[in-house]
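A.B. asks: Chains A and B are the protein sequences, given in the same order.
Quick note: the first sequence uses numbering that gives the first Met the number 0, first residue 0, plus one each step.
Quick note: the second sequence uses numbering that gives the first Met the number 0, first residue 0, plus one each step.
Hints listed in this document are in silico derivations from the structure and should not be mistaken for laboratory results.
Be a bit skeptical, because a hint or two may be false.
As the list claims (entries may be wrong) - Capping the alpha-carbon separation at 30 Å, the derived lysine-lysine pairs in DSBU-like fashion look like this:
no.	chain 1	residue 1	chain 2	residue 2
1	B	LYS97	B	LYS123
2	A	LYS123	B	LYS97
3	B	LYS123	A	LYS52
4	A	LYS97	A	LYS123
5	A	LYS52	B	LYS52
6	A	LYS123	A	LYS52
7	B	LYS52	B	LYS123
8	A	LYS52	A	LYS97
9	A	LYS97	B	LYS97
10	B	LYS52	A	LYS123
11	B	LYS97	B	LYS52
Bear in mind the structure is a predicted one, so any value in this text is a computation, not a measurement.
Protein chains: 2
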Amino acid sequence: MPKIVDHEEQRAHIADAVTQIIIRDGFDHVTMRQIATEAGYAHGAISRYFPDKQSLLTAAFLQVFNASHERILTLVGPTRGLSALRIMSQQLLPFREKSAEVSRVVLSFWDRAAQVPEILEVHKRTITQRRGLIRRFLQEAAEDNELHPSVDVEEAINRVSVFNAGWQMLAVLTPEDSTGRHVTASIDAMIAGLGTERSNSSD
Amino acid sequence: MPKIVDHEEQRAHIADAVTQIIIRDGFDHVTMRQIATEAGYAHGAISRYFPDKQSLLTAAFLQVFNASHERILTLVGPTRGLSALRIMSQQLLPFREKSAEVSRVVLSFWDRAAQVPEILEVHKRTITQRRGLIRRFLQEAAEDNELHPSVDVEEAINRVSVFNAGWQMLAVLTPEDSTGRHVTASIDAMIAGLGTERSNSSD
């Protein structure tokens, strides 16, 4: 009797194995053999789904990205504006050990996106999705009169994107500056810089 | 008559060739043979100075880092505080095509620093140097009563580091959002968020 195989589940399982190896050993050390061992699959099962290392990295990145995107939407729920933006940053920034670890996947993905046009395309799709969510929160903030009148929404999308991207680097490379206290202070300052309340702070 | 060789100059020349190849083809495509061709040296001349790809990447990164560090110090001259910080950001951010290109070297270096302890050590030395300079400018701003009283210098060092790092990513991966106008607006917002004048903006 043929075993019923859930291909989506197998792909996700392999992508997860790739993430674990990147966190433990780094992407340069990812081999098909190692992934097969980590995932508990035969060597051929891996290459059937993913023909090369690039497709494995892309799968690992998309899994990390989609999981954080879903988590943000769930946690935000009906929350709007700057409060929603805060929830987003709390999910993306290296608050918990696990999110600092997955930043390693992000760093490897960025480096390859800079080199491989197909990976850059995937990056563009995800960054468009992320920027769309940031735009939504900022527009809500503007509608609710939370946004400082001097803040231009499109420029602020860049500001928040730069903020999130910069923290991925710090999470991995200077973890001593990326503790919960530092990250909280940083999010507070970022949100304060966007809000109408900034002019009242400590004056 | 033996040719007099300036080893420092040869190393710098090779590091420059590596940077050119990273910009053109990406670090994954760097080979000893290609560097020899690019630099106009014999194959053996490269490996005499740099035993492996990691040492080549490190040399290319240090050249980029040291050049920008020297350029900042020269341009800052006697300028202090937030004005000096602005000059620094203008040098580090992707204003000119060339600075966006060298961000590719930075991205590759970060990814390897996350994987190789010796490269992480080099990164730590450079980040300590950079943070020291940011600290100096912020302390000057505090002494000159330019800094908003709610701003903590150590937290602000993180804020500026995150800002600079985040822009390296945008420069490479979303160049369409990294034009001079966007970058200028972003630096203005970052500086305004630190200064005493922020409470006066557009109220």
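A.B. asks: It remains to establish, for every hint, whether it holds in the given structure.
C.D. replies: Hints, one by one, checked against the model:
{"no.": "1", "hint": "B:LYS97 / B:LYS123", "verdict": "holds, 25 Å"}
{"no.": "2", "hint": "A:LYS123 / B:LYS97", "verdict": "holds, 22 Å"}
{"no.": "3", "hint": "B:LYS123 / A:LYS52", "verdict": "holds, 29 Å"}
{"no.": "4", "hint": "A:LYS97 / A:LYS123", "verdict": "holds, 25 Å"}
{"no.": "5", "hint": "A:LYS52 / B:LYS52", "verdict": "holds, 19 Å"}
{"no.": "6", "hint": "A:LYS123 / A:LYS52", "verdict": "holds, 20 Å"}
{"no.": "7", "hint": "B:LYS52 / B:LYS123", "verdict": "holds, 20 Å"}
{"no.": "8", "hint": "A:LYS52 / A:LYS97", "verdict": "holds, 23 Å"}
{"no.": "9", "hint": "A:LYS97 / B:LYS97", "verdict": "violated, 36 Å"}
{"no.": "10", "hint": "B:LYS52 / A:LYS123", "verdict": "holds, 29 Å"}
{"no.": "11", "hint": "B:LYS97 / B:LYS52", "verdict": "holds, 23 Å"}
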